[in-house]
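Student: Chain order of the listed sequences is X and S. When we follow my numbering, the leftmost residue of the first sequence carries the number 16, and every step to the right adds one. When we follow my numbering, the leftmost residue of the second sequence carries the number 35, and every step to the right adds one.
Hints were generated in silico from the structure; no laboratory data involved. Check the hints yourself; a few may be wrong.
Unchecked claim - Examples of chain X residues toward chain S, derived with CB under 7 Å:
#	residue
1	PRO33
2	PHE49
3	GLY114
4	ASN115
5	PHE118
In this text the structure is predicted, and so the values were computed from the model without any measurement. All C-beta atoms, glycine included, are put in the ideal place defined by N, C-alpha and C.
Chain by chain, the residues:
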Amino acid sequence: AQSVTQLDSQVPVFEEAPVELRCNYSSSVSVYLFWYVQYPNQGLQLLLKYLSGSTLVKGINGFEAEFNKSQTSFHLRKPSVHISDTAEYFCAVMGGSQGNLIFGKGTKLSVKP
Amino acid sequence: SQTIHQWPATLVQPVGSPLSLECTVEGTSNPNLYWYRQAAGRGLQLLFYSVGIGQISSEVPQNLSASRPQDRQFILSSKKLLLSDSGFYLCAWSSRVGSNQPQHFGDGTRLSIL
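Let the sequences and hints guide you as you build the complete structure.
Tutor: Okay, structure coming up:
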């Protein structure tokens with residue numbers, strides 16, 4: 016069965032610093048991975064996805080993620096964060112026959128001035 | 035373009051009262067539809083999903099039920115709410131065209147049970 020682990024529940028960082036949000040997955044079948052962002056009191060917005068092809072995936076808002084099969088990881092990175100990036104970030108793996116997503120517990124990114 | 039609407043945005047209900055949350059999708063046909071609950075510190079839990087009208091799959095046993103009376107309408111219901119039903123409820127859709135399509139979420143309903 017598939018599962019997702021987000022190791023950090025909270026990540027504080029200063030504005031303009033780089034950030035990496037970690038995600039490890041477990042899957043016995045083909046891997047399809049996603050990162051979503053949730054701003055306070057809003058739904059989830061798709062940041063990026065990995066389905067196949069290049070292991071480096073670029074998404075919206077300057078974020079990117081790298082699929083590493085040997086380490087079963089899909090870490091999210093941004094070279095320079097803004098105050099507006101403060102939000103909760105969820106990693107997810109697609110599992111099940113109906114395209115159900117299995118989510119990690121989320122990482123709260125707090126960007127300080 | 036496709037849009038997804040959920041209402042109400044917030045809801046305060048007493049224990050034992052009924053519940054009806056509605057979700058509609060525009061700009062697409064025959065979508066997969068999903069209901070999730072997000073409780074503090076527990077991430078997102080898939081409650082129900084539907085691949086077509088009248089077809090509902092439940093992921094966890096609970097006090098809630100779902101229905102899909104029309105192709106782009108998904109309703110979450112309860113006959114008697116429990117305190118443990120409090121949370122942030124999210125509806126999502128995905129396209130059935132192609133494979134491994136991402137899910138797109140509504141803005142959610144925050145449900146507080148008193």
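Student: Taking the hints in turn, state whether each one holds.
Tutor: Going through the hints against the structure:
Proximity of PRO33 of chain X to chain S is violated relative to the hint, the smallest CB-CB distance being about 25 Å (cut-off 7 Å). Given hint, PHE49 of chain X at the interface with chain S, holds; its Cβ is 6 Å from that chain's nearest Cβ, closer than 7 Å. Of the supplied interface hints, the one on GLY114 of chain X holds, with its beta-carbon coming within about 5 Å of a beta-carbon of chain S, less than 7 Å. Given the 7 Å rule on beta carbons, the hint for ASN115 of chain X holds: about 6 Å separates it from the nearest Cβ of chain S.
This hint holds: PHE118 of chain X has a C-beta 4 Å from the nearest C-beta of chain S, less than the 7 Å allowed.
Going through the hint list in order, the structure does not satisfy hint 1, though it satisfies all others.
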